[in-house]
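> Sequence:
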Amino acid sequence: MDFLNKVTSQITSDNKQEKQELKPATAPAPAPATTQQQSGGLLGKLGEVANTIGGGGPQSEHKEDFLDKTIDLVQENVFKQGPQDNESAIEQAKDEKIAGFVREQYKKQFGNDFPGSIKK
Numbered sequence: 018m019d020f021l022n023k024v025t026s027q028i029t030s031d032n033k034q035e036k037q038e039l040k041p042a043t044a045p046a047p048a049p050a051t052t053q054q055q056s057g058g059l060l061g062k063l064g065e066v067a068n069t070i071g072g073g074g075p076q077s078e079h080k081e082d083f084l085d086k087t088i089d090l091v092q093e094n095v096f097k098q099g100p101q102d103n104e105s106a107i108e109q110a111k112d113e114k115i116a117g118f119v120r121e122q123y124k125k126q127f128g129n130d131f132p133g134s135i136k137k
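Residue numbers for the sequence shown follow my numbering, so the first one is 18 and each next one is one higher.
There's no promise every hint is true.
Below 27 Å or equal to it, Euclidean Cα-Cα: the simulated DSSO-like pairs (lysine-lysine) are [stated by the list, open to error]:
(1) Lys125 x Lys86
(2) Lys86 x Lys124
(3) Lys125 x Lys97
(4) Lys86 x Lys97
(5) Lys97 x Lys80
(6) Lys124 x Lys111
(7) Lys114 x Lys86
(8) Lys114 x Lys124
(9) Lys114 x Lys97
(10) Lys97 x Lys111
(11) Lys111 x Lys125
For the record, the hints were derived by calculation from the structure and aren't laboratory data.
Between the sequences and the hints, there should be enough to build the whole structure, so can you do that?
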C-alpha cells in the first residue's frame, strides 16, 4: 500500500505543478474549444481513426471490466482528471497497466485471480 500511496501522491503533485505552470500570470484562460472544432479537417479525422484503432475512444470503454471502471471512477472523482468516458489509447494503456499491477498484487497476496476479471 505504501507503493500505491507514493505513486498517487506523485501523480497528484505532478498534476498540480502542471496546472500552475500552465496558468497565465494576468490574462484569463480562453474558453475551451469544442471537440468538433479541435478535430476538424483531414488530420483530425485521421487522429480519431488512429485513436480508435489503438484502443481508445468510447467503444473501448464498453469492454472494460469492474476493476477498469473503478480505476476510471477514482481518476474522475478523487484525482479530478475529468470525464473518463472517452479516453485516448494512451490513457487506456495507462489504466491497463494500473489494473495489471493491482491484479498482480492481489494474486500475490491472496493466491487467486482478482474477482470479476475478464479472462484473456
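> All the hints need checking, so say for each whether the structure fits it.
Tested hints:
no.: 1; hint: Lys125 x Lys86; in the structure: holds (22 Å)
no.: 2; hint: Lys86 x Lys124; in the structure: holds (19 Å)
no.: 3; hint: Lys125 x Lys97; in the structure: violated (30 Å)
no.: 4; hint: Lys86 x Lys97; in the structure: holds (15 Å)
no.: 5; hint: Lys97 x Lys80; in the structure: holds (23 Å)
no.: 6; hint: Lys124 x Lys111; in the structure: holds (20 Å)
no.: 7; hint: Lys114 x Lys86; in the structure: holds (14 Å)
no.: 8; hint: Lys114 x Lys124; in the structure: holds (15 Å)
no.: 9; hint: Lys114 x Lys97; in the structure: holds (20 Å)
no.: 10; hint: Lys97 x Lys111; in the structure: holds (16 Å)
no.: 11; hint: Lys111 x Lys125; in the structure: holds (21 Å)
Comparing the model with each earlier hint shows a violation of hint 3 alone; every other hint is respected.
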